[in-house]
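We have chain W; now place chain S onto it with these hints.
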Amino acid sequence: MNNTVISVHNLVKKFGSFTANDNLSFEVYAGEIFGFLGANGAGKTTTIRILSGLSIPTSGEVNVAGFDAYSQTEQIKKNIGYMCQKFSLYEDLTVKENIILYGGIYGMSKSLIRERLIELLAKLRFQEYENRMISDLPPGLRQKLAFSVAVLHEPKIVFLDEPTGGVDPITRRQFWESIYETASRGITVFVTTHYMDEAEYCDRISIMNDGKIVALDTPERLKKQYNATSVEEVFIKIARPDT
Amino acid sequence: MKRFLGFVKKEFLHIFRDYRTLFILFGIPVAQILIFGFAVSNDIRNAGVAILDLSHDEITLKLTDKIISSGFFKKTETLLNYKDIDRVFKKGKTKAVIIFENDFGKKLISEGKASLSIIADGSEPNTATLVTNYTTAIVNDFTTELAGPVLNNSIRISPDVKMFYNPNLKSHFMFVPGVVTLILILISALMTSVTITREKEFGTMEVLLVSPLRPIQIILGKVMPYFILSFINVLLILALSWLVFDLPVKGSLILLLAECMLYILMSLSLGILISTVSGNMQQAIFISLIGLMLPTVLLSGFIFPIENMPKIYDYVSSILPPRYFIVIIKNIMIKGTGLMYIWKETLILIIMTLVFIGLSVRKFKIRLE
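Heads up: the protein sequence lines correspond to chains W and S, in order. Using our numbering, read the first sequence as starting at 1 and increasing by one per residue. Using our numbering, read the second sequence as starting at 1001 and increasing by one per residue.
No lab work stands behind these hints: they were computed from the structure. Nothing here was measured: the structure is a model prediction, and the numbers come from that model. The reader is advised that the hints may include incorrect statements.
Claimed, not checked - Quick list of in silico lysine to aspartate or glutamate cross-link-like pairs, DMTMM-like style, CA-CA up to 25 Å:
1. W:Lys156 - W:Glu181
2. S:Lys1062 - S:Asp1103
3. W:Lys96 - S:Glu1199
4. W:Lys86 - S:Glu1201
5. W:Lys144 - W:Glu154
6. S:Lys1009 - W:Asp217
7. W:Lys144 - W:Asp92
8. S:Lys1074 - S:Glu1101
9. S:Lys1200 - W:Asp136
10. S:Lys1074 - S:Glu1145
11. W:Lys156 - W:Asp217
12. S:Lys1074 - S:Glu1011
13. S:Lys1093 - S:Asp1065
14. S:Lys1335 - S:Asp1314
15. W:Lys86 - S:Asp1053
16. S:Lys1002 - W:Glu154
17. W:Lys144 - S:Glu1011
18. S:Lys1002 - W:Glu130
19. S:Lys1002 - W:Glu74
20. S:Lys1200 - W:Glu74
21. S:Lys1009 - W:Asp92
22. S:Lys1200 - W:Glu181
23. W:Lys123 - W:Glu74
24. W:Lys86 - S:Glu1101
25. W:Lys237 - W:Glu200
26. S:Lys1200 - W:Glu91
27. W:Lys78 - S:Glu1199
What the hints assert, rightly or not - To be clear about the criterion: a stretch of chain S counts as covered by chain W if any three or more of its residues have a C-beta under 8 Å from a C-beta of chain W, and this derived list gives those stretches:
28. 1010-1018
29. 1200-1210
As the list claims (entries may be wrong) - Sample of chain S residues at the chain W side, in silico, Cβ under 10 Å:
30. Arg1003
31. Leu1005
32. Gly1105
33. Arg1214
34. Phe1245
35. Lys1330
36. Ile1334
Just so it is clear, CB atoms sit at the ideal spot from N, CA and C, and this is done for glycine as well.
With the rest of the complex left out, here is chain S:
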């Protein structure tokens, strides 16, 4: 045991001495979460809008107030006439201009309808669509509110779109589970395969094999630090997503952590397997990055729904462990389901882990022979 601990300590020294390893271990996950959470977000937050209010009555003021206070928009300017629109767009901060026609309030009460234009900055199509959708939703909401007390004789139907698990369609609800899935497999598999092939490449593996350390101790000793660090990573990502994105874990935290451990274990054994088939570090890195990262991003259901894929990709994706973990983590984090609903995926991951370990042991033995 003492031998083993000394060996584990050495592995930690390797990790902490190599800034690149440390960066990959902790820098990338944090960066990924923040990038996916903020930059690659489908939400709008504090998008600049300018108001051109030609009516300036009680109702337009109320509606303006409602739009600005929604949290999605921030008023950049109050415009006085149409000529200002072009100028305010050119400044760049304003994504949309909302225009109330003359006598907006009066018309709404007397005729039951009034018109409002939303002009969005089309140079950013994505934001433009989002901004107009959001504004329309707010306006619809406002008219229904108003319909009660003021226009009780007319019935207005406003679309009522509600999302079950992500009422505001917050995109980081989808990204955080995906990023956890991607990062864990990438880091665990990449790091273990690299650290083991490094020993092979430098010749220290021979020396270790000849030493009284058993092969299983060598492998465990190399993998254990990464297990611990990956687990710390999970905690870090969960804390980040909770603190920064208000994304709580709806289901059992213990179950989630246990599933994460299983997934880390699976990734580590995959890493060991990669190390047994690759002769040098470049190969290991190549297999881990190309063989794991791309399929995980593209085929696991992280970004593109599996249901929409051609059948053939569906089959390919079914051999990818991340596909199952994404289901597990989404279920626990967002829907709050228990083991009852995810036992199948869990079982698949357990089987995959066992298969990877079995294959690695066999490969390892052949090498020793």
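Chain W on its own, in the form it takes in the complex:
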């Protein structure tokens, strides 16, 4: 469990005079579900962009999947998966074509893609959908498929940026089952969310406020520390200390 896959030391990211990430330090371990919380504008997205090789830090040490975030962004990109709030599959392509496309982008061989495709369809009971357009699928299935595609190339880490935004509770529930299953395969899950009940499912959570990490621990210990019954309460106490 103590195998570090993301290590961040004194990360600073500035845009002009605005400091989006102010001296962040944290570590994420292999196979854990790491919840990354914070109000809108707290700087979460900036951090995710740096961790996924899209953006270069202003200063600090950042290491993702064993690669440096300044000089090895290409390597980082090959070793991570990513799924964002917006739906990330192509609606005018079939399930199979989407899988082949993303497999190809991540440099997987044809035979490997085929193998994973069959595996995936069987696992999601998707066989009948293989040649259906994504636009014909119900939203719940799409969400699941998008997640499966994000981890198709067996990345070391998968970043989920508000993956359950605008999804009904049952689908969210099912989605979290897939997250658990993925984590149990040893893939680290780095997830941001607005739903505090989801934060309870994480192994550890960090809470960001104004570009700083103000809390980082397991949900249980945070609740104890802030004398709260739920993560939501913890969050409110941190984000609005005066109320």
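Same frame as chain W, but now just chain S:
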């Protein structure tokens, strides 16, 4: 490379699955060429004329024959008296009636002049003017021919108007280059800006950026299919204008195709630039259509000569890439000139392409930051 090809293939799938895209890509160019070539034509072809020949002699028969066989006119009826004129116009097929006076031939030989009236259907002023002009030209032509053998003692001067590059003033000679210019910039810029903003809007752009594909590969992958399809479009339009309108490429075909590629490249980079400044597809479509189509049609010299514009429009037009391409394509297609005469315009297009690419890369980088 394999990653890249898979990505390009996906872009082709998008295009071929979307009938609207396909229609815009191929339907519109073909329709435009045909519409501009045929419907918006300034030529007349097989315009109906009726003949009222009160003289009916050798000369009137010859002249009638010459008019009908010119290819511009088609005889609808032979009339017997003036009363028929109104009736034949009302039928609608006849655009003009040509009337030879009594003893037309006799008078022409004995007195050296004879009169002929052309009555045209004024409800279509444009056609009427054309028809009378054409007929007058044919009659003038005929009298000069006749002046030689028969009336060798009298000298007649007939106007000799000759066009250098378009002897028959065929209007599609002007339209085809214009349509190529318009369609290429419209399709290339519109399609690329839409396809890139679509990825942004649907969120797939984020996923692509996080993937091991390099940004340059993403852009090239998105643009390459449109480059290929636009080029096919060029071939299609040239083939159409050759087969349907007998408009050959007078100059070097290779040079023309190379210039077209340059122009497509310029339009694609303009499309990329549009996509970096527009947040969604509607915006991209709006900028491409309003920002490109109108100025191209109105200010590039496609329809209205730049020389006749107020100076201010001349300046505005000088930042429009189509203005230069129209000069290039007209020179190569119609005059048959070589690179010698169009290197300036070519250079301007190359510079514009580089500027657009440079700006897009900068915008793109800022977005990534």
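Hint by hint, here is what the structure shows:
no. : hint                  : verdict
1   : W:Lys156 - W:Glu181   : holds, 14 Å
2   : S:Lys1062 - S:Asp1103 : holds, 14 Å
3   : W:Lys96 - S:Glu1199   : holds, 19 Å
4   : W:Lys86 - S:Glu1201   : holds, 9 Å
5   : W:Lys144 - W:Glu154   : holds, 16 Å
6   : S:Lys1009 - W:Asp217  : violated, 46 Å
7   : W:Lys144 - W:Asp92    : holds, 18 Å
8   : S:Lys1074 - S:Glu1101 : holds, 21 Å
9   : S:Lys1200 - W:Asp136  : holds, 21 Å
10  : S:Lys1074 - S:Glu1145 : holds, 22 Å
11  : W:Lys156 - W:Asp217   : holds, 22 Å
12  : S:Lys1074 - S:Glu1011 : violated, 51 Å
13  : S:Lys1093 - S:Asp1065 : holds, 19 Å
14  : S:Lys1335 - S:Asp1314 : holds, 24 Å
15  : W:Lys86 - S:Asp1053   : violated, 79 Å
16  : S:Lys1002 - W:Glu154  : holds, 19 Å
17  : W:Lys144 - S:Glu1011  : holds, 24 Å
18  : S:Lys1002 - W:Glu130  : holds, 23 Å
19  : S:Lys1002 - W:Glu74   : holds, 16 Å
20  : S:Lys1200 - W:Glu74   : holds, 21 Å
21  : S:Lys1009 - W:Asp92   : holds, 13 Å
22  : S:Lys1200 - W:Glu181  : violated, 30 Å
23  : W:Lys123 - W:Glu74    : violated, 31 Å
24  : W:Lys86 - S:Glu1101   : violated, 82 Å
25  : W:Lys237 - W:Glu200   : holds, 16 Å
26  : S:Lys1200 - W:Glu91   : holds, 14 Å
27  : W:Lys78 - S:Glu1199   : holds, 21 Å
28  : 1010-1018             : holds (count 5)
29  : 1200-1210             : holds (count 8)
30  : Arg1003               : holds, 5 Å
31  : Leu1005               : holds, 8 Å
32  : Gly1105               : violated, 74 Å
33  : Arg1214               : holds, 8 Å
34  : Phe1245               : violated, 37 Å
35  : Lys1330               : violated, 40 Å
36  : Ile1334               : violated, 42 Å
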